[in-house]
Structure formats: structure tokens, C-alpha cells
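Listed below are the residues making up each chain.
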Amino acid sequence: MTDRKKDPRDQQPVSRRGFLTTVSTSAAAAAVVGVAAPAAAAPAPRDDTGTVAIVLRVNGRRHRLLVEPRDRLISVLRERLGLTGAKPGCERGECGACTVLLDGVTRYSCMTLAVEAQEREITTIEGLAQGEEVSALQQAFIAEDGYQCGFCTPGQVMAAEGLLRTNTSPTVDAVRAAMSGNLCRCGAYGHIVKSVQQAAAARKTGGAK
Amino acid sequence: MLPRFTHVQPTSISDALRELAAPGARVLAGGTDLLGCLRDRAVTADKLVSLNALAELRGIREQGDGGLRIGALTTLTELATHPVVRARFGALSAAAAAAASPQLRNQGTLGGNLCQRPRCWYFRGDFPCARKGGDTCFAKEGENQLHAVFGGDVCVMVHPSDTAPALQSLDAKVRLISARGSRTIGIDALFVLPAKDHTRETVVEADEIVSDILLPPPPAGAVGAYRKIRARGVWDFAIVGAAVTLGLDKKSVRQARIVLSGVAPVPWRVAEAERLLVGHELSAPRIEQAATQASSGAAPLSANAYKVMLIRGAVAEALSDVMGAR
Ligand SMILES: Cc1cc2nc3c(=O)[nH]c(=O)nc-3n(C[C@H](O)[C@H](O)[C@H](O)COP(=O)(O)OP(=O)(O)OC[C@H]3O[C@@H](n4cnc5c(N)ncnc54)[C@H](O)[C@@H]3O)c2cc1C
Ligand code: FES
Ligand code: FES
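Chains as they are written, first to last, in the numbering used here: chain A, 471 to 679; chain B, 35 to 360.
Possibly wrong hints are sitting among the right ones.
What the hints assert, rightly or not - Quick list of in silico lysine to any residue cross-link-like pairs, SDA-like style, CA-CA up to 20 Å:
hint, chain 1, residue 1, chain 2, residue 2
1, B, Lys284, B, Ala240
2, B, Lys81, A, Val663
3, B, Lys81, A, Thr521
4, B, Lys81, A, Arg531
5, B, Lys284, B, Trp269
6, B, Lys81, A, Arg550
7, B, Lys81, A, Gly574
Stated by the list, open to error - With beta-carbon atoms standing in for the labels, derived distance ranges:
hint, chain 1, residue 1, chain 2, residue 2, range
8, B, Lys166, A, Cys656, 47 to 53 Å
9, B, Glu90, A, Asp615, 44 to 50 Å
10, B, Pro319, A, Thr638, 43 to 49 Å
Hint data in this document are derived by calculation from the structure and do not stem from the laboratory. Positions of the beta carbon are idealized from the N, C-alpha and C atoms, including for glycine.
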């Protein structure tokens, strides 16, 4: 389920110029067979489609990384930083499983280049818990059965977190609207709405995060 | 994986324009359309020039004359929620709110919405279609249930933007800048019919940036609405949409603009339907007449004659919304 979908076209060279670089340098030849650029240890290839050094601020920690400009935030989070909470569902902006917060605002990490997320504060589901203790919002999803298989859940929770940061007591309609960019194949929608409302109430009374 | 490209994020407009002047360069705004196009190999790019460090291109500013200047990087969420846009440019806020999904609206910009590429499955798929420089529009003989009933020619795609018809109903202008200078054009002149050039949707040149969208003051007694008909309430593009902006006085319609989405390769203005409203009271029979007129002249393809009825419905509902909001 978490396997990336194999797209045969991934192996196509992008342009004539890109193709010429790939046949002429071994560093770029790796890209032809679809192997991601090696992690931070290797020096950046110096051709004009090479890697770039970036800093990502994720869940309050700074990470120095070498990425390719084409690397999307979801793959850098999952494959380079080991933050596998955000899920690749459709990888084309149509399901919401990859939802994260950028500067507190919900966003699809599959439609975001990692190089564009520099200087932004990135929050993933891993950033909501305090150590082993899950947040009031996550607790509400557990209490209200806001999931079945769980695949969509990290995205649902992040969409809810984005909502509750701006609207502390959303109506049912406001919850539905804010959660409408997240599909649930199991159809747990009713329970998801209840979870979000319960979390809103808990955050108010308990002062919990 | 996306194909390879380089990426720059210039911090001044002049640097951005210089970067864009290189062959193979493309503008990146929110990326919600461009990344999909690159992934599908519907477009190619050697270099992405990100606009996202250019604060000048952000934000909604009220003008002295009662109009608005909207930076091209303004997000659809900002347009949907901005109090002045909601109060006085209702068709635009409604259209922005009806696009894509909450996350995509947080990220997608107005400039990108106007410059997005067609959603035609042949264009996005592995077909050497006319719009990509081939010699066939596969939709003509193929699967065309979502395609054009007006304005089709060499290519029968429909323009995917929700905000464009709303902006046209508000008589918007678009400012384009490049290293060669700047120009301001009416939004109707932004879009290109296939009969004129079927390989491009807009007149925006490769080295140009849409910098601002300019809205004149709305007509006196302005009311606006956008009715979007789609299969699902989220993500889906308009099958048919109707943007209306009317200027009303106590008794009658003083000004009317009705522009359709989902029916033609460009936002489709229905001037004859507008004429049926001007000078008359906005009544149910009048609305019915205008809605019927809006669909007249439609030339459906093999699988999209249903759109003719949807045009009548969308226009009637948009006008009824406006009547109810008085
Ligand atoms: C699942 C899905 C559903 C969608 N549903 C809808 C919908 O219902 N209605 C709708 O209207 N759209 C929809 N979209 C399309 C898209 O998300 C929006 O149109 C969005 O506003 C595009 O803006 P962007 O900033 O992300 O554009 P980008 O992807 O950054 O750019 C799009 C194109 O415009 C060019 N461009 C961007 N900004 C400028 C500029 N300032 N000057 C010159 N060129 C520029 C880019 O080079 C690119 O070719 C959908 C997209 C997805 C993935
Ligand atoms: S994986 Fe990003 S929206 Fe589906
Ligand atoms: S819980 Fe299974 S997809 Fe939502």
C-alpha cells in the first residue's frame, strides 16, 4: 500500500539537453534508471540539473539536505527524513493523504517542491505528539473511531489541525468544508467530523494542544 | 518522479524577468497545475523560475476609485475569504471558493489559475494532440463528454479556470510584464481561441509574467454569483459554470455580464442573454428567457449535448441567486 506507484515514464529523459547530460556523465546516468540522488554525504554533481543544498525546518528541527530541484516535499519527508506519516495516495493533489502544514496552513506535500519549502515552518503529524503522548486532536480520533484502515488518517488529522488553529469552535459545516480536501476510502467521514468537534471541545476546556 | 529541471527563486522582479528570458524557462507559482503537467509530460521545462520570493506580486489592494488591484500570487483562499472581494466582487469570491480543494486553494494562485493548461485527457495523456503540435484533436472523434459546445475549431478543449469567467463578468484587466516592458489588456484579450492559435490558451509570452489583475469599481448596485455544476463538490472542474455580475437599481437591471465556464476553449461571454436582461425587472420569466438564450447556438459533440441543458440551468440558478440576494 505504501509502495510508490511505478510510472514507466519516470525513466524518460526530460529534454534533449537533459538526455545528453545523462549519457555523458555517470552521476546523471543514475537518474535515468530512477535512482534518487544519494543522501547528504555525496558532493553535488556540477552539471546544470544537479542537486542543491537546502535547509528544511520540520517540526521545530532544522535539516540540512542535498536535494534535486524536482524532489517533492513528500518524498523528502518520507525517504530522506524518515517521516512516513504523510502518505503518498494519489501524488497528484486529489486525495489529501499527504497533507502537512506550511507556516500553519494546510497544503499537499505531493504538489510542493522541497526547494520551495525552504524558510517555511513545516509541521507533519510527527510534530503533533509530545514524545510518546499524542495530542488532544489525535486522542479525539482514537476516542471517536475517526478512522478504519488508517491510511488517510495522518492527512485528516493535519487538515483538522489546520482548521482548529484558525477556528477554535467550528460548526459541523465548517468542519466538513475544511476536511473536504481529504478522501477516506473507508468512508469514516461521520466519525472524522465527530473527532474534530470533540477535539475542538477538548482543546477549549482542557487548554490541551 | 518529475523530469529534471533547475530551479531559481529570484528576489527581485528584474532578476525574475531576466531568468525567464532564457529558453526553456517556465514560471512557477503555487505549482498545483505545473507539477501535474510536468509529471504527465504534457509540458517540458529546463528551468523553473519561482515567483514566490516576490512580495510585490502578493496581496489585494483597494484603489482610490473603488476598484481593486490583485497581485498574481494572491491565493484562491485569500480571494474566497477577503471581506471586500466578498462584499463587492461576489462572482470572484464565489468562483475562487468553488475551485479545487481547500489545500489547493491555499496554495494555488490567481495568476496560475488564469495560466493553467487544459485538463483534456488527450492533452494530459500520451497523445500527440493538436494542442501539443500534432495534427489531430482526438476528442472530436473520441471521448468528448467534457469538451466544448462553443468556440471549438481545430481543438475542442474547454478552459479549466473558474476565476476567469468571474473576472470577465467584472470587466477585469490583466497586467503583463517582461524584460521588454509592460502591457495591460482586457481579460477577454488574454485568452486565445483555437481558430486563432490552437497551441496556446493565452497571449502570455514565455518571457512574460502576469503581475496584477485590475478590477474597475463594480457597477452601481452590483450583485454577483458563480454557479458551478460538477460531478463532485470538491476537486472537480466545472462541467458548466455561469458567472454573473449585474448592476441593479430599484426596479431593473442596469448592467449585465454573464460569462460561462466549461463550455468553450475560452471563458464564454453570452452577450445576447445579457441584452435580454438590461432595462428589465429581474423576474422568473426574464431569467428563463436569458438562460435559454445563453445556450442557443451551442454545437454539441457526440457525447456532450447534455451541456446545453446545464447551461440553461447554471445561468438560471446564478441569476436566481442574484435575485435572492437583493
Ligand atoms: C486535483 C486538482 C483539482 C483542481 N481543480 C480546479 C478547479 O476546480 N478549478 C480551477 O480553476 N482550477 C483547478 N485546479 C487547477 C489549479 O490548482 C488552480 O488553477 C491553481 O489556481 C493554479 O495556480 P498555481 O499557482 O498553483 O499555478 P502553477 O501550477 O504554479 O502554474 C500554472 C501555469 O501558469 C503559469 N503561471 C503561473 N503563474 C503565472 C504568472 N504570474 N504569470 C505567468 N504565468 C504564470 C505556470 O508557468 C504554469 O504554466 C485543480 C488542480 C488540481 C491538481
Ligand atoms: S498524495 Fe497528495 S493529494 Fe494525494
Ligand atoms: S481510514 Fe481507511 S482510508 Fe480513511
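Right, here's what the structure says about each hint:
1. Between B/Lys284 and B/Ala240, the direct Cα distance comes to roughly 48 Å. Violation of the 20 Å bound is thereby established for this hinted pair.
2. Pair hint B/Lys81 plus A/Val663 does not hold up; C-alpha atoms about 42 Å apart against a cutoff of 20 Å.
3. A C-alpha spacing of about 13 Å is found between B/Lys81 and A/Thr521, which places the hinted pair at or below 20 Å, so the restraint holds.
4. A hinted pair counts as satisfied when its Cα atoms are at most 20 Å apart, and B/Lys81 with A/Arg531 does not qualify at roughly 30 Å.
5. At most 20 Å may separate the alpha-carbon atoms for a hinted pair to count; B/Lys284 and B/Trp269 exceed this at roughly 39 Å.
6. Taking the CA atoms of B/Lys81 and A/Arg550, the gap is near 24 Å; set against the 20 Å cutoff, the hint is violated.
7. In summary, the hint linking B/Lys81 to A/Gly574 is not supported, as the alpha carbons are separated by about 29 Å, beyond the 20 Å threshold.
8. In this structure, B/Lys166 and A/Cys656 break the distance hint of 47 to 53 Å, their C-beta atoms being roughly 39 Å apart.
9. Distance hint for B/Glu90 and A/Asp615: a CB-CB separation of about 49 Å, consistent with the stated range 44 to 50 Å.
10. Range check, B/Pro319 to A/Thr638: about 48 Å between beta-carbon atoms, so the 43 to 49 Å window is met.
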